[in-house]
Amino acid sequence: MEKEVILDIKYLDKSYGSTTVLKNINMQCYAGEVFGFLGPNGAGKTTTIKIVAGLIKKDCGVVTVCGKDLKQDFEGALSCIGAIVENPEMYKYLSGLDNMKQYARMRGIDDPRRLDEVISMVGMSNRIKEKVSRYSLGMRQRLGVAQALLHQPKLLILDEPMNGLDPEGIYELRMILKRLAHENGICVVVSSHIMSEMEQLCDRVGIISGGRMIGTYTVEELIDQGKDTFCVYEFKVSDAGKAAQLCGLDEKHYDVNAENDILLCSIKSDTEADTLADINRRICAGGVKLYTVTPKSTKSLEDVFISLTHDSQGGGQIA
Amino acid sequence: MHKFMALMKNEYIKILKKTSSKVFLVLMFLSVIFIALQTLPSRPYDISRAKKNTNTTVDRHIDLRHKLEDEKPPYYQEKIDLLKEITLYNLYSGSWQEQAILSIVNTDLSSEDEFPVETVKKIKEYITTDDWQGYFELALKEQKLSAGTKWKYKFCIEKNAAPDDSSWRAELINDVQKTLDSSEKNNDLSKVQKDELALWTYQLENDIAINLSDYHSDNFIVSLFRGNKWSMWMGYSFLIHAVTILLIIFASGSVANEYSHGTIKFLLVNPVKRWKILLSKYCTIISMGIILTAIVFIICGIIASISDFDNSLKAASLTVKDAQVHRSSAFFVVFKTWALNSLTMLVVVTFTFSVSSFTRKSAAAITLSLVFLLLGATLSSFLSATDSDWGRFLLFSNLDIQNIADGNPLFYGQTVEFAVFVIIEHMAVFLITAFDAFNKKDI
Ligand SMILES: Nc1ncnc2c1ncn2[C@@H]1O[C@H](COP(=O)(O)OP(=O)(O)O)[C@@H](O)[C@H]1O
Ligand SMILES: [Mg+2]
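Heads up: the sequence lines are chains L and F, in that order.
For the first sequence, my numbering assigns the number -11 to the initial residue and increments by one for each residue that follows.
For the second sequence, my numbering assigns the number 1151 to the initial residue and increments by one for each residue that follows.
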């Protein structure tokens, strides 16, 4: 069965003056999935989201939401979208509830139960009558999510929603978003520059860097990409220098510390287990005492992310 | 429509729930009430010119006596005695008593006619008993009177209006009398005199003490001191400035604060077109202006009416054209004055709104608007005073529609049509700027 396309972006370009910020962005997001929109700072995530949310005008390209063209049917398209763009700024002198009522009025929602529903969904029921000026960033973030969900949109776009949330909050939000996507069939688009977060939350990720779409991957595909990279192990030994010679590794792939008691080895991850066993055997056989072996870093999506995005950025400079 | 009302409700909540807005609102009302009470007259304006100067009484006596002593006719002593008795009474310059005595003194006493002893005795009695009606009837019957005096005596008897009381009538009666006398002398009246005569007689016939069209809009403070509720109410229309300043504060924030607080993003992700959002903001400010002006209007009406010195005085606005009097009700004229004065508010607040939308800075909007409000009119007067004729194209030169309609424009030959055109054109520029800036800008 073909999945319903909720957000369809084609050939999207945007430049501020002479600086091109987005170049030929293409992506599709489907109902019932959490789509991670991943890229380093300055990659153009917020810009893309702002265009979809109708905050800035695109130079060219087509954005369609639920089959409605953003330009031709602005109000129709936007009524399918719930969004938080950048920081959740509210009217500080109003209470959380009054803020929510503002959105309810603008979207033609009369039922007060719907307000209670979204407010308790984000766990703000106890504090909702307080003025927003007394809220922490995390609480405002929750209120922002509640605001975005208020009119039961088909597409939920959140720009870096985990910023400022405590670990418990992150966990809860993750659960909420997953439930919305997988149970209610909403298309959730979450932007972030933190790969590990995406790994736990998303079904698919689109990677953007320097204003260009690098590609769209399922999380499994990304993990597979990680297979041919190296992972680092730390060997605590009595004589690191000797151990290094015994291993017979290429010079690039090991490092010895100043105290000569720790050996760091990079091991190809597809033959990880075998190589590790081999190195252990060689060190022991060579008469060097081997105390402990610890994986220094596991291969992660972070590495993939960095390697994917690094090429398009001149030496890690902010684009 | 329902949705638009919802948008406006949002805007009202955003403005009114702010603590600073509440403080400003209270301050505005307090200052309106304070200023209204401060400018109340502590005593009624002395409308009548009669009984102005009792000091001259002595001089009058002396004058009269000299006159009498110069006389050398046959009944000299008899007359002298009689008249001396009469002149002992207090005479006010222009009072009916003085006129009565003068009417005798000025009779050609040297003629061979018998001295009207009986008449003089009667006159003496009327003066001593303060019976002006008696004297007027006698004079109409027996004395040769000028046209004005005849009219006056008839009018006073008909209306039972005491000639020299300190009421508003005395002044007008004397004015009419003088005009009629001069018309008798010159056999004709100028156009202005005819108009005046028509106006004054209309006022006297219809008992209208206060003619509101006497008060020009730049003369508000003067009209306040008339101590009449209608003129005061009209004069209080300068208090609209308090509402204007408050609205400038509200209008300057209505767009700019959304940017400075960052809430603009959350405002514009809603499925509402931008122009509708901006229009709802504009309508909110304007409707708030109308409501606040209405409240201030009512407050001033109450203050003016409780402090009225003489509730019996009738007021209306009378204008004369070709000796025809046109009458408008007092309330209508007061309301019109307030409405025309609100025009400046509308224009200034639209300007504020436009600057706020264009620059996204509330401070810029407030500053420019206050400069507009405080210096605009001054600049126009300056240009008018220095004969810089191009000043007529400035917006500020065209805001005082009342004066332009009354025929007192700052620049020669300004018309109401031209003023309305200039105002509409500027409003259009302001609004197009505001909407264009709001629609196009990237957030
Ligand atoms: N108003 C603007 N004018 C000029 N350049 C801008 C503007 N807004 C963003 N940019 C540039 O666009 C690029 C993408 O920004 P953004 O979309 O905010 O990145 P991120 O992926 O971190 O959200 C950045 O290089 C930024 O400097
Ligand atoms: Mg961003």
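Think of the hints as simulated: they come from the structure by calculation, not from any bench.
Fair warning: this is a prediction, and the values are worked out from it, not measured in the lab.
Treat the hints loosely; a few may be bogus.
So the derived label-pair ranges between C-beta atoms look like this [what the hints assert, rightly or not]:
id, chain 1, residue 1, chain 2, residue 2, range
1, L, Y279, F, H1411, 21 to 31 Å
2, L, D57, F, H1411, 27 to 37 Å
3, L, P283, F, K1590, 51 to 61 Å
4, L, P283, F, A1514, 55 to 65 Å
Note that CB positions come from ideal geometry on N, CA and C, so glycine has one too.
Against the structure, the hints come out as follows:
1. L/Y279 <-> F/H1411: 21 to 31 Å: The hint (21 to 31 Å, Cβ to Cβ) is violated, given that L/Y279 and F/H1411 are roughly 59 Å apart.
2. L/D57 <-> F/H1411: 27 to 37 Å: Once the Cβ atoms are compared, 31 Å apart, the range 27 to 37 Å for F/H1411 and L/D57 holds.
3. L/P283 <-> F/K1590: 51 to 61 Å: For F/K1590 against L/P283, whose Cβ atoms are near 55 Å apart, the range 51 to 61 Å holds.
4. L/P283 <-> F/A1514: 55 to 65 Å: Distance hint for L/P283, F/A1514 holds at roughly 60 Å.
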